[in-house]
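**Q** Line by line, the protein sequences are chains E and Y. If you count the first sequence from 1, position 74 lands on 74 in the numbering used here, and the numbers rise without skipping. If you count the second sequence from 1, position 42 lands on 42 in the numbering used here, and the numbers rise without skipping.
Source of the hints: derived by calculation from the structure; they are not laboratory data. Hints are supplied without guarantee of correctness; some may be wrong.
[Said to hold, decoys possible] Only some residues are given here: those of chain E computed to face chain Y with a beta carbon under 10 Å:
no., residue
1, Ser62
2, Gly160
3, Glu162
Here the structure is a predicted model, which is why all the values come from computation and not from measurement. For glycine and all other residues, C-beta sits at the position ideal for the given N, C-alpha and C.
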Amino acid sequence: MTQADVRGQVEVAGRTITRGDVEDFLYAEADILDAWDYDGWFALFEEGARYEVPTTDYRGWSLHTGGSFVDDDYDLIKARVKRLKSRKAHAENPHSRTHRMISNVRLFPGEEDGTLRIRASFVAHRARDGQFDTYVGWYEHVVVPTDDGLKYRLRRTILGHEALPVGARLSFIL
Amino acid sequence: MSSEVSERVAEPMLVEDWERLTFRVNREAYRSPEIFARERVDVWLRTWLYLGHETEIPDVNDFKVRTIAGRPLIFCRDTEGQVRAWLNSCPHRGTVLCRETEGSQRRFQCFYHAWTFNNDGTVAAIPDDGAYEDIESLQKNMMLRSVPRLEIHEGYVFISFNPDVPPLLEHLGDAADYMTMIEQQHASGVTTLPGVQLYSVRGNWKLAVENAMDGYHFSPTHNTFVGYLRESGFAVTDDDQYAYNLGNGHSLLVLTGHGGRISMVWEPRFGEDEKVRTEEHRAEMVERLGEERAHYIADESHILFVFPNLLLFDIEGLSIRQLEPVAPGHTDVRAWQLVPREEHPDSRSLRMKTVVSFVGPGGLATPDDIEAYEAVQRGIEATRGAGDLDYSDMSRGMRDEVKGEQGRSIDEGAMRGFWRYWEEAVGGGLQVTGDRPAGFLEGRNVR
C-alpha cells in the first residue's frame, strides 16, 4: 500500500483527486452502461484511449504480444459503440439487462505524469434469454483529470474467471 | 433419456432429395442426449482429435492440462523433448494427477498417496512400495496411461483414443496441405501465443461447425462488422468465394475479396508502413515458394474445418479454434492466435488488434455467431417431436451442384458434406430420393 492510498487521495497535475471522486466516476459509468447510453460512455474516453479485456490466462503481458478478448484502440472503441447502438448488433438486440456493483476502490499515482491509476473490484450480472450470468473481476484503469472530469486513457477489465462461463460472452461492455 | 419422452422422433437423420433438390437435417442431431452419447463413441473416441499446437509447449518439461472428448489430459513435452498425451488421472485410484492448468515439471506427483511419475510416464516413486508383492511389475503396470495414438502434422498435435485409427495423414487427406500452407506463409514458421480465449456457448458443437462453413450468414449476421470494414476503406464482396468438401468430413471455404490479410494482402486500415512490409514479404514468398504457390497461400483467405474439432481461420490473421462438446446444448471453445515466429513489432500489434476485433467472444463479429448458435438451440425446441417439421434445411446450392458447378461459400454444400460424413459415422439413416450426381465436387489442386 502506498502513502497515497492510505490518504485515499492523489495529487495529479495540481489537482487533488479523492477516492470519492473516483467512486463517483465509476458509479456514474455503471449507470451509463446499465442505461445503454453508449454515446455517454464514449464521452468518458480521451482521444487515443484504449479499452482492453485480457483473456483469463492473463499473466501481465502486453496485449500487443498475446491474445486477448478485447484490444481496442480509439477507432475500435468508436466502432464498438456504433455497433452496439445499431439494431444489427444481434448479440445485444434486444439488449442484455445488466447490473453492476463496484467496490474496493483504490487510487494510485499513474506511471505517466498527469495520470491516475485506479484499481477496483466489480460484480456484473447479465440477464437475457431466460439466463442469468455473472461476471466478476477487477478494473485496472488509467485516467486523466480534466476540466470536464476524469477521462479514460486506458480502461482495462481483468476477469476473475478461469474461463468465460457458458453463455457469458462479452457482447456488451464489461 | 429414452425416445419415448419425445412423442414422435422423426426419422431418418438426413433427407436428400435430388428431384426436389432439397437436403434436410433432423434437429434431434443437435439436442438428443442419445445421439450425443453415440457421437462420443462413434466420432470422438474413434477418429483423430486436435489436441494442441507443439508451440504451446516449446521447452522440455512444459505442460498444459486440457480436456478432450470429456477426458482430462496432460499435454506435455518430456525431458527428452518428446510430445506426450497422458490421461490426467493417477493409475493408482484415479485422482486427478496434475491440478495446475499449465507449467513446467519433470515429474507429476499425485497429492493423495504421493505416487510420483516422470513426464515420460514411468513411475518415479511409490511410497513404501515394500508392501507390494512384486515391485518391478507394479512399477510397469502403474505407468501413466497414455492416449493410444499421437501424431503431429506441421506442429498440430493430434491424438486418438482408438489404437487402430488409420495414420493421421490418411485422415487429414486434402486438409493436410492447407495446414502446410499456413506454415509456409512465413520463412520463420508460425507459433501460438499466450492469451487463449476460453469460452462456452449454449449450443451444439455442430452448429459451430456449420456456422464456420456458412458464408451465407456473413452479410446479415455480421452487418455491423461489414459496416466497420467498409468505413475503413475495404470493399466486401461475396463474389468468387467457394466452398469445398475435402473428404473425411473436412471442408474448406476459399475467400477472396473478403478482407485484408496481414503481411500478405494490404488494406487501408493497416496503414502505410505495413504496405511496405507487405510488399517486401510478398517478394520473399515468391522467391521461396514460386509465383503460383505464393499466390494460393497469400491471396486467398481460408477457413478450414478438420473433422471433428479443429477450425483454422486463415483470414485477416491466423487463429486456431478447438471445439469441445460438453453436452448436446453446451460446447466449450478454445481459441489461440497463431503468428509468424519472426515479425516486426508493429505488424504483430496490428495483427493482435485486427484478429481480436473480429474473432472471439469480445470481438465485433463472433458474439453474433454465438447468438446464432444459441438462438438455433433454443428455437428448435419449437418443433421437438413435430415429425416432418423437425428438420433444418441445407439445400442451398444443390441447383448448381447437379449442373457440376463448384459450390459457392454462400451455398450450403460444405455443410452437406459434413453431415453426410457425420451420418456415416453416427448413423440414424440417410434417405436419398432421385439420382445423386455421379460424384460430389471435392477439393482442388493448389500444389
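**Q** Each hint should be assessed against the structure and marked as holding or not.
**A** Hint-by-hint comparison with the structure:
1. Ser62: With a minimum Cβ separation of about 8 Å from chain Y (threshold 10 Å), the hint on Ser62(E) holds.
2. Gly160: This interface hint is violated because 14 Å lies over the 10 Å limit.
3. Glu162: 7 Å, holds
Violation of the numbered hints given earlier is confined to hint 2; every other hint is satisfied by the structure.
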